Each structure stands twice: as structure tokens, then as C-alpha cells.
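Trainee: Sequences are here, hints too, so could you generate the full structure?
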Amino acid sequence: DTGVSQNPRHKITKRGQNVTFRCDPISEHNRLYWYRQTLGQGPEFLTYFQNEAQLEKSRLLSDRFSAERPKGSFSTLEIQRTEQGDSAMYLCASSLVGGLYGYTFGSGTRLTVV
Amino acid sequence: QQQVKQSPQSLIVQKGGISIINCAYENTAFDYFPWYQQFPGKGPALLIAIRPDVSEKKEGRFTISFNKSAKQFSLHIMDSQPGDSATYFCAASLNAGGTSYGKLTFGQGTILTVHP
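So the protein lines, in turn, are chains H and D. What the first sequence shows, in my numbering, is residues 1 to 114, in sequence order. What the second sequence shows, in my numbering, is residues 1001 to 1116, in sequence order.
Don't read these hints as lab results, they were simulated from the structure. It is possible that part of the hints are untrue.
Stated by the list, open to error - The calculated lysine-lysine pairs, modelled on DSS-like cross-linking and capped at a C-alpha distance of 30 Å, are:
(1) 57(H) x 1042(D)
(2) 57(H) x 1005(D)
(3) 1071(D) x 57(H)
(4) 1042(D) x 11(H)
(5) 1042(D) x 14(H)
(6) 1042(D) x 71(H)
Keep in mind that this is a model prediction, so the values were computed, not measured.
Mentor: Given below as C-alpha cells:
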């Protein structure tokens, strides 16, 4: 499968716990994006990387959220001290620089905070 | 202003009919306008996209109409089929070359149901 892979697909956690999601982009794509999608809404941009550099972060990305892409390949998104409001689908996408037509989303990680 | 406003929220169409979804934007710096299709439990998948130097783009049964002066664009699905039942999102991206290039701003989504 040469698409964008996200793991886990589903995560249920108790409020206050830390969670980490992983995204494996399409191998030749050097840009990687994280979005959050709540029920009935469109995806909202969180942050993006070009290779290993994090170039932009949304105001939505509070200090409880951290994203890394250590070797410019896979990326992780960690949420510390989860809150019920963090319940959402977390989507990863990847593309080539300037290659918006190659922009591909993964199937997402559904987070439920109880 | 970064918003993209989409309507209607939901749409019911008979098989063979035309589905029309509309979007409006405010930021004139947007220069790429894609439409995405999303099925339950899946990520959005690109359907068709347009740049503001073109007023219409057609790919198979899907057509984007773009009105730059009105800052509006729409998706037309001709001969709608039950398999088209999904959520559709319009989106917009800022100018090529800027640091925000590639960051998509999405509309709120339209749930399309095509009855057989």
C-alpha cells in the first residue's frame, strides 16, 4: 500500500492520559500535515512539516500538543493530559512541495476521551 | 479572513439528478480550490480542483464552476449515483510560494444522499 498510513485507527483514553499517534506519509513526499476533524465539521489545520522542519502551527495546537518528524519520514502527534474536547478524528496528509495535486490524506485516528 | 463557507449542509437527490454544492470565500489570496469526497471512516479524497484563472473545469461527471468576482465556486455532480452518497468538502489554499502554501482551509461539509 503506497498511501498515507495512520496508526492506531481508534484510540479510547481516559481524561488526563497522554496519547501518541503515528503517521507514515507517501515515501517520496517531503511535506506532512496534521489536521483535526470534529463530527460534522471540515478538517482544521494543526501543523505541517517540510522534511524534518515544523514550518507552521495553528492556534488550535495548544501547548498540550506536540508534533515531531525526526528524520523527515514518519511523524508523531502527542497530546498530553487529554481533555474531552480533544475527542476528534486526527488526519495526516502528505504532499510534494508545490504538489497540491498529490495531496493525500490518511484514514485518520479516531480519538475518544472518556 | 480565512473562512470558507459551504452550503447546503445536506442534500438529497434522486438517482440521475444533478447535485449542486456551493462555497464562498473571503480571502482573495486563495489561489487553489479543491473539492474532496469523504466516506465514513475514511480520510478526504481529492475529487477535482481549480485555479482562479479558469472559470470551469470538468472531469467526468464532476464540474467546478468558479466566479472570481463573486468569490464563489461550486461543484456540480451530473447523473448522480447512489455510490456518490458521501460528505463533500470544498477547500482553499493560499498563494504558491508562501509559507502557508499547501495548508488547506475547508468548508463545513455537505452530506449528499442519492436515492436509487
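Trainee: So, for every hint listed, does it hold in this structure?
Mentor: Each hint tested on the structure:
1. This hinted pair checks out: residue 57(H) and residue 1042(D) have alpha carbons roughly 24 Å apart, not beyond 30 Å.
2. A C-alpha spacing of about 23 Å is found between residue 57(H) and residue 1005(D), which places the hinted pair at or below 30 Å, so the restraint holds.
3. Of the pairs offered as hints, the one joining residue 1071(D) and residue 57(H) holds, with about 27 Å between alpha carbons and a cut-off of 30 Å not exceeded.
4. Our distance criterion of 30 Å between C-alpha atoms is met by residue 1042(D) and residue 11(H), whose separation comes to about 16 Å.
5. For a cut-off of 30 Å, the pair hint linking residue 1042(D) to residue 14(H) stands: about 24 Å separates their Cα positions.
6. Annotation: proposed proximity of residue 1042(D) to residue 71(H) holds, straight-line Cα distance about 27 Å (limit 30 Å).
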